[in-house]
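Numbers -20 to -1, 1 to 143, taken from mature numbering (1 follows the signal peptide of the UniProt record, and there is no 0), label the letters of the sequence shown in order.
These aren't lab readings, by the way, just hints derived from the structure by calculation. Everything numeric in this text was worked out from a predicted model, so none of it was measured. A virtual CB, placed ideally from N, CA and C, is assigned to each residue, including glycine. Hints may contain errors.
[Unchecked claim] Heads up, simulated DSSO-like pairs for lysine-lysine below, C-alpha to C-alpha not over 27 Å straight-line:
#1 K26 - K93
#2 K26 - K15
#3 K136 - K3
[Said to hold, decoys possible] Derived Cβ-Cβ restraints for the label pairs, each shown as a range:
#4 A100 - D49: 13 to 21 Å
#5 G128 - E56: 30 to 38 Å
#6 K15 - G128: 30 to 38 Å
#7 K3 - Q141: 30 to 38 Å
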Amino acid sequence: MLRKLLLVFCLVCGCLQVAAQGKLSNVKVEDADGKLVEISSLVNGKPFIMSFWGITCKPCLMELNAINDQLEEWQEEVDFEVVAVSIDDSRFSTRARSMASGSGWDFICVFDKNQDLKRAMNVTFTPHTFIVDGQGNIVYSHTGYTPGSELELFEKLKELQQK
């Protein structure tokens, strides 16, 4: 009972962190140009942060902006990419594209209008952030955002580089 209450608390507070295992799901999403691409095409030997976000999710935008603010400095130390996955449906996808292009993010942005990738990756809350290694293995998962938690992502990336 206590375990269930703790899990509910963590989900509500956005502090759930798990060491994930498994492979990246191979689902088609739209790229910034509106072309369908397989998400597995992003696996190129480099690890990447994959963050699921939505236009009405303020913590999502805070996390992506915090990562973007640190990105150049982090990439001097670790060779990695960031993939921002919009889960906004077709009603809001135009707005999501506009927000992504106007935000100044130096990320790969993809759009999961049908939420196929979201379902395949078992994303229920946003932001939901994964670290995927260079072979497409999910090595870390985090739900929610509090200022400073992006630093944990960087630490996990550094650990991957050392392996």
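Each hint tested on the structure:
Restraint check: the Cα-Cα separation between K26 and K93 comes to about 26 Å, which is no more than 27 Å; the hinted pair holds. Of the supplied pair hints, the one linking K26 and K15 holds, its CA atoms being roughly 23 Å apart against a limit of 27 Å. For the proposed pair K136 and K3, the alpha carbon gap of about 17 Å is at most 27 Å, so the pair holds. One distance hint, 13 to 21 Å for the beta-carbon pair A100 and D49, is violated here, with the actual separation near 30 Å.
Checked against the hint of 30 to 38 Å, the C-beta distance between G128 and E56 comes to roughly 20 Å, which is inconsistent with it. About 36 Å separates the C-beta atoms of K15 and G128, a value consistent with the hinted range of 30 to 38 Å. Hint check: K3 to Q141, Cβ distance near 20 Å, so the stated range 30 to 38 Å is violated.
Against the hints set out earlier in the document, violations occur for numbers 4, 5, 7.
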